[in-house]
Amino acid sequence: DVVMTQTPPSLSVAIGQSVSISCKSSQSLVYSDGKTYLHWLLQSSGRSPKRLIYQVSNLDSGVPDRFSGTGSQKDFTLKISRVEAKDLGVYYCAQTTHFPLTFGSGTKLEIK
Amino acid sequence: EVQLVETGGGLVQPGRSLKLSCVASGFTFNNYWMSWTRQAPGKGLEWVASITNSGGSTYYPDSVKGRFTISRDNAQNTLYLQMNSLRSEDTATYYCTREGFAYWGQGTLVTVSS
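As you go down the protein sequences, you meet chains G and L in turn.
Last residue of the first sequence? That's 112 in our numbering, and every number before it is there in order.
Last residue of the second sequence? That's 226 in our numbering, and every number before it is there in order.
Treat each hint with caution, since some may be false.
As the list claims (entries may be wrong) - Pairwise CB distance ranges, derived in the manner of DEER restraints:
id: 1; chain 1: G; residue 1: 27; chain 2: L; residue 2: 211; range: 29 to 39 Å
id: 2; chain 1: L; residue 1: 168; chain 2: G; residue 2: 98; range: 18 to 28 Å
id: 3; chain 1: G; residue 1: 47; chain 2: L; residue 2: 194; range: 37 to 47 Å
id: 4; chain 1: G; residue 1: 15; chain 2: L; residue 2: 154; range: 40 to 50 Å
id: 5; chain 1: L; residue 1: 127; chain 2: G; residue 2: 14; range: 48 to 58 Å
The hints are simulated quantities; they were obtained by calculation from the structure and are not laboratory data.
We treat Cβ as the ideally placed atom computed from N, Cα and C, and that holds for glycine.
Build the full structure now, drawing on both the sequences and the hints.
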């Protein structure tokens, strides 16, 4: 199984600052079609998860460009610039390249 | 607007069965793989099952293989999860998700307890 190691487990940040979350996979996430199926999700308190970024760096519709994703192979990063209060919640990375599909353990973002 | 609406959760005794449903709307259902993902109370996300757009192939993690069955009715835009031999560790909110975790339903809570 692909293990997704997500760090840090929690972050406390002031409004307007930037943060980065790391996600490392135990195997390459490049699929046979050449694409990398690494996604980022946000679960706000009491809500269902919502996908923010798909295939490493593509923003889902309606997601502000303060969010960005980078990385390749086994090493990925989510960056949030100019953090806003509505960004708080738990961020998960997820891979859909290999079965079983797996998630990182989550990063809880809190606002100072 | 894409909508996924799950139903069928509830309280069930260990060893018993339960069937979840997810009605999809706002997209062409038979164009997409679909999955079930669960979240135990206060815990992270765990993928439970996936099915191809035609329903011809299914995939499961070892934790549910042989006990859970995913299926779909493309004419009714509905996804199902048949859960047998339920255990206390299956207690979770179950989400219906579209291919690539692009969309999530509101979830339905399954509690396995005597």
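Hint by hint, here is what the structure shows:
no. : hint                       : verdict
1   : G/27 <-> L/211: 29 to 39 Å : 21 Å, violated
2   : L/168 <-> G/98: 18 to 28 Å : 20 Å, holds
3   : G/47 <-> L/194: 37 to 47 Å : 27 Å, violated
4   : G/15 <-> L/154: 40 to 50 Å : 27 Å, violated
5   : L/127 <-> G/14: 48 to 58 Å : 51 Å, holds
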